[in-house]
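The two chains are supplied separately, each in an independent frame; assemble them into the complex guided by the hints.
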Amino acid sequence: MPCADHLPPVDLSRVSATSILSGEHRVILQVLDVVEKLAALALRDQRIPSEHASQALEVLAKFADRCHHGKEETVLFPVLEAIQPGFSPVQMMRAEHVESRAFIRAMTEAVAAGDAASYARAANGYVDLLRQHIHKEDDILFRFAGQMLTPAQDAEVLDGYRRIEHDDMGDGTHERLLGIADTLATTYGVPRASDSQQIMDLLTAICGCKKD
Amino acid sequence: MTAPIPATATATATWREQLSALRFLAAKVARVHGPTHPDAAIIAQVVNTLIDTPAVDMDTQAALSRRLDELTGGFHPWPGSCGSVHQLFTGLKAVAAALPKKSQS
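Respectively, the protein sequence lines represent chains E and W. Per the working numbering: the first sequence ends with 212, consecutive numbering throughout. Per the working numbering: the second sequence ends with 105, consecutive numbering throughout.
Warning: the hint list may mix true and false statements.
To be verified - As a list, the in silico SDA-like pairs of lysine to any residue whose alpha-carbon atoms are at most 25 Å apart: (1) W/Lys102 with W/Pro54; (2) E/Lys62 with W/Trp15; (3) W/Lys93 with E/Gly170; (4) E/Lys37 with W/Gln18; (5) E/Lys62 with W/Glu17; (6) W/Lys93 with E/Met169; (7) E/Lys37 with E/Arg66; (8) E/Lys37 with W/Arg16; (9) E/Lys62 with W/Leu19; (10) E/Lys62 with W/His86; (11) W/Lys93 with E/Thr173; (12) W/Lys93 with E/Thr183; (13) E/Lys62 with E/Pro89; (14) E/Lys37 with W/Glu17; (15) W/Lys93 with E/Gly208; (16) E/Lys62 with W/Gln18; (17) W/Lys93 with E/Asp171; (18) E/Lys62 with W/Gly83.
Hints in this document: simulated from the structure, not taken from any laboratory. Please read all numbers here as calculations on a predicted model, not as lab measurements.
Isolated chain W, as found in the complex (with noise of 0.2 Å):
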């Protein structure tokens, strides 16, 4: 019988699984709504580079949560804005809410 995948791990993959489908909504939303809303490129990098960052580098992780925080203002989405930013913003509040919260070290 094979040992149960620690729980961790599985909160891993599966922040790491949305990311996956994020990368490509992030993109979209810089593309289309970059030129009023100049924080979605800085988004979209963000989320870039959480999906490069090791598994075991939770200091990045904190930090990168705690940027997406900040720029997307608490993940509310901005006013009027379309149904793939609220999709967007609605994924990266799930995603920060799996993420560790402060620097382990």
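Chain E with its partners taken away, still in its complex shape (with noise of 0.2 Å):
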């Protein structure tokens, strides 16, 4: 696999298949922000914030993995694959999804036992995990997906966040989970990702009637 330095980053000024995700990529990562502070609380207190832990822990599972992992794995993954058969940066992302899922599991049983030492144990697990693996989509897999898709693969994988997003997740329910993650953001001080225009045009450009 040759180096993704020379290849241009993820344009967020406009809508495409990998720009969409990098979008979203913002909001977890603010997600993150917030369950670091509360695995902290957690250590600190050795008493789970269980209400924010469980909100942050819906949009991890709805948001992060079911909606967005799955617009990887459903809709993106399997165009570049057949782009590029054995595509290996595709199957190293692939694992590291399975992986993040059994962190979530954690969590929701530490939080479930009230067990204050596991969750920041999973949290603190499940934060590192997912840093690296969206600086790995951003920064390599993202750059090669940019040059690989032609203007006519980038639409039909739009078309496929559309389905995921919409007749999947179910309208209204994507940006019920950004509510809750800006609500969480602003209560634990993190930065808003939708505070950025361009995120926020990212984040708010598929809709369900609509072509892009």
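Pasting the structure below:
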């Protein structure tokens, strides 16, 4: 695999198969900052801030995993693998998604049991994994993807995202989860990704009734 | 034992949380449907203004609630509009119901 450094970064100023996902990464990173603070509080107080931990888990399970990873695993990755069979970065990303789900399960179980130490351990493991994972996707995989996809394939991928966001998740669910992510960020003093107009435009680009 | 949270504070927190999600829906509707429904952009602006309005400023909240009612024609989705518009108008109607109806002064 050649180095990705010579390839242009994802262009966040226009809607594309990769910019939509990079925009969502900014929200996930925002929630990771919140989760890191929740883990520190849990360790300090030996008590999980359970309401906020549960809200963050809902965003991680439904927005980060089901919706965002769903778009990657069922729409983008198959197209990239069809273009280049055995495309190794995709295989690595799939494996990390599986690993991330184990951390979500561990956090969920720890919240249910009120086990602050286990929650903090799983939360910090998840944060470390996802930050590195997002870095790999933004700086390596998506740079390659941007070069591999034709305009027609890019449009096909965007249509797949639309199906997941609206037909699978349901109208309004994406926005409800984004709202929770922003409320948590405000509560814990974390900057909101949506305060960037460019990111806001990407987060609201896909409507169930329209082609882009 | 901690004192119970006053009902008005709980209601305020609830509609503010609802607005947090509606901000994204309003932006989406303005972006996608703005060309055919120019009011969509104004609705998005009113939602943002409402989010920034201090909790104690009930006069402004009441005025913005009336403005949303006008802009949405009583919270009736435009004929033939999509699920996002329906979700937005339904949410705005619920928020408006929780806001003060008249100026306090």
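Status of each hint after checking the structure:
no. : hint                  : in the structure
1   : W/Lys102 with W/Pro54 : holds (16 Å)
2   : E/Lys62 with W/Trp15  : holds (22 Å)
3   : W/Lys93 with E/Gly170 : holds (20 Å)
4   : E/Lys37 with W/Gln18  : holds (24 Å)
5   : E/Lys62 with W/Glu17  : holds (18 Å)
6   : W/Lys93 with E/Met169 : holds (23 Å)
7   : E/Lys37 with E/Arg66  : holds (24 Å)
8   : E/Lys37 with W/Arg16  : holds (23 Å)
9   : E/Lys62 with W/Leu19  : holds (20 Å)
10  : E/Lys62 with W/His86  : holds (22 Å)
11  : W/Lys93 with E/Thr173 : holds (18 Å)
12  : W/Lys93 with E/Thr183 : holds (21 Å)
13  : E/Lys62 with E/Pro89  : holds (24 Å)
14  : E/Lys37 with W/Glu17  : holds (21 Å)
15  : W/Lys93 with E/Gly208 : holds (22 Å)
16  : E/Lys62 with W/Gln18  : holds (18 Å)
17  : W/Lys93 with E/Asp171 : holds (17 Å)
18  : E/Lys62 with W/Gly83  : holds (20 Å)
Violated hints: none; the structure is consistent with every hint.
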